[in-house]
Amino acid sequence: MNEKDKLEDIFEYTLDMFLKSAGKDHAEITQFNRWRDAVVDANMYTFEVPHLHAQTPQVQVLRENGEILDLICFASYNYLGYSYHPEVIQSAKNALDIYGLGATGSPVLNGTFDIHNILEKKLSEFFKRESLGTSLFSSGYGANIGVVSAYCHKGDYVILDRSSHASLIDGAILSQANILMFKHNNVEHLEKVLNKIDYENSRILVCVEGVYSTDGNYGNLSEIVPVAKKYGATVLVDEAHSLLVAGPGGRGVAEECGVLDEVDMIIGTFSKSFGGVGGCLIADKELVNYINYYARSRMFSCAIDPGVTGGLIKSLELGSGPDGDQKREKIKENAKHLRSLLRDKVDIGTAHSWIIPVIYGEEKLTIPLSDYLQHHGLDISLMMFPAVPKNRSRIRAFVTSEHSPEQIEKGAHILLKAAKKFNFLLDD
Amino acid sequence: MTSNNGDCLVWNFDFALTTFYEVDAFQLESLIPPQLSLQEAAPGIGLINITAFNFVKGQLGALPEFQELILSAIVSPDLSRGVPSAAMFVLSLTSTCQEHLDHSQDYYKLPVVELLTESSIDKINHEINFVDGNGKIAQIKNCAPVINEYNYSKRYFQAFTKEGEHVFISDVFIEAPLFEHQESGDTGKLYEHPFFKGIEVDDSDVTNFLQMVNEPGSAGKQTYFKPTKFI
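Residue numbers (numbering that gives the first Met the number 0), protein chains in the order written: chain A, 0 to 427; chain B, 0 to 230.
Worth flagging that the hints you see were computed from the coordinates, not collected in a lab. Keep in mind it's a predicted model, so treat the numbers as computed, not measured. Worth double-checking, as some hints may not be accurate.
If the Cβ cut is set under 8 Å, some of the chain B residues that face chain A in the computed set are [said to hold, decoys possible]:
no.	residue
1	Pro76
2	Ser79
3	Ser119
4	Ile123
5	His180
6	Gln181
Every residue, glycine too, gets a C-beta built ideally from N, C-alpha and C.
My request is simple: use the sequences and hints to build the entire structure.
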């Protein structure tokens, strides 16, 4: 097999192929590394690429071969630009000076600081319901696995949208409850699934998301939440991609859909619009008290870093006020601008959020396309099977409020140039 | 790419329709040997594969043209041999040719069931309808509304089978112009039948996961290696 054939072979592989090998040896590790090494040797390895400064709309990255590339960034979840906002950084620095680097313990034991309580209180108040409390987690992933696995147990039911994030799926597996899935955003199928179980005598948790990041579409909350409640289910909405961005006050898609008061658990992530790291559950105080002790990902993890917590408090303050209102307007305007430049030229799906998919189709294009985009000035996220259907591989552009019109235009120009080269222009 | 024993037979076909269906993983788990593990599409959702071939006249030297239907569970592959597109534990095999069934049982250690009594294949529209003495088995059709392009490819698969307590593995290569898709839609019907023993297929929730069809009129080749002991 010559080098070219070998490379084409490597391009055909998708990550699910290295998941597990039958047999006693762990051949999946050998084969995965063979694949990774081949991509690195071809100088096409764009994953895990180190960024050299903050996640601004213009970034620099360092490739494995030592190349430094200047890129327009559409790969970051820093939707409102708070990860580098001067007031957020100052607030983090102040907290760092007072509390030191780490929390050095579980939040239930010694790891809770007063600024954690301040953040919890402000988040609860943000949702304007007296009965609500907040539980903080050191990651969004930890929030979902911790909450789902603490709330549900053997014999219970966790019902998931088929496009659910891995953290919800893993939480459901960890809970040992019965896992059922309904077709993505399909309320009729959800009802069919609910009817299959003895819902009157069962504990059921229905998990959905505000925005699904593969297509950038909204969760069908206005239909799904009432149906789930009709069957006596508890409803969890993961607003990872939508907190501070969707809804008139930034309270997420549940607010925008008018079902916020019917939702039992809101999951938030601080690594996206907040610009930091961590996660939270916002729910009735009694439930929060229980989760604080029984969510093992919280109990057995260190509390969020104090410096980060200080920054998050400022992000929330900004995002829930006039600054947030302006940025929410701006991000929608920017997304509309990018869509208008791509629509009818490439397949961007039908969603209307700040996550814009550009479908290029074949899995085997992923590695060369990703490399091409980086070398032509674009930092962007690519996604392929099994995360999305076969031949529906896609680029995902995460638009932020901080992109300038020029950056959006340049980004669109690079994307269309790539579409021409890799034959996924619509009129081709 | 693979480490097989080099002892293989080449089977020439002019029709192939393969469909992966989602089924209850718990049911499927009980049908595979303990040395193997299911590959799930999602928690609790296992995959079965049903493939129909039309083999052209002259296989094994003198066989007439015949059709084959094979049912497998999708399992984790043996990656020490190479990286296949999929690995299958074969659950049932039927055919319109008794000699082929006898050969499959002896040479490939495949679990054969009784001979097909009726089979129809629509090579243009990618549709099959198979029946045996126990009744209808399956009516399967391609559900993609549009076929954009057939890509000539050589796919590597692994086929596991069992004899007594022992598990065997074969390398299988398929070469043909293929179209693969994950469109949802009407793929026909699977019937309650001994061919599907242990799997509830007569359920509206048995949905298709993936389909692959060959280009009408094109010649395809299946290179199927003699099984060797796995563990």
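Now the hints, each set against the structure:
1. Pro76: holds, 6 Å
2. Ser79: holds, 4 Å
3. Ser119: This hint is violated: Ser119/B lies away from chain A, its Cβ roughly 28 Å from the closest one there, beyond 8 Å.
4. Ile123: At about 22 Å, which exceeds the 8 Å cut-off, the nearest Cβ of chain A leaves the hint on Ile123/B violated.
5. His180: holds, 6 Å
6. Gln181: holds, 4 Å
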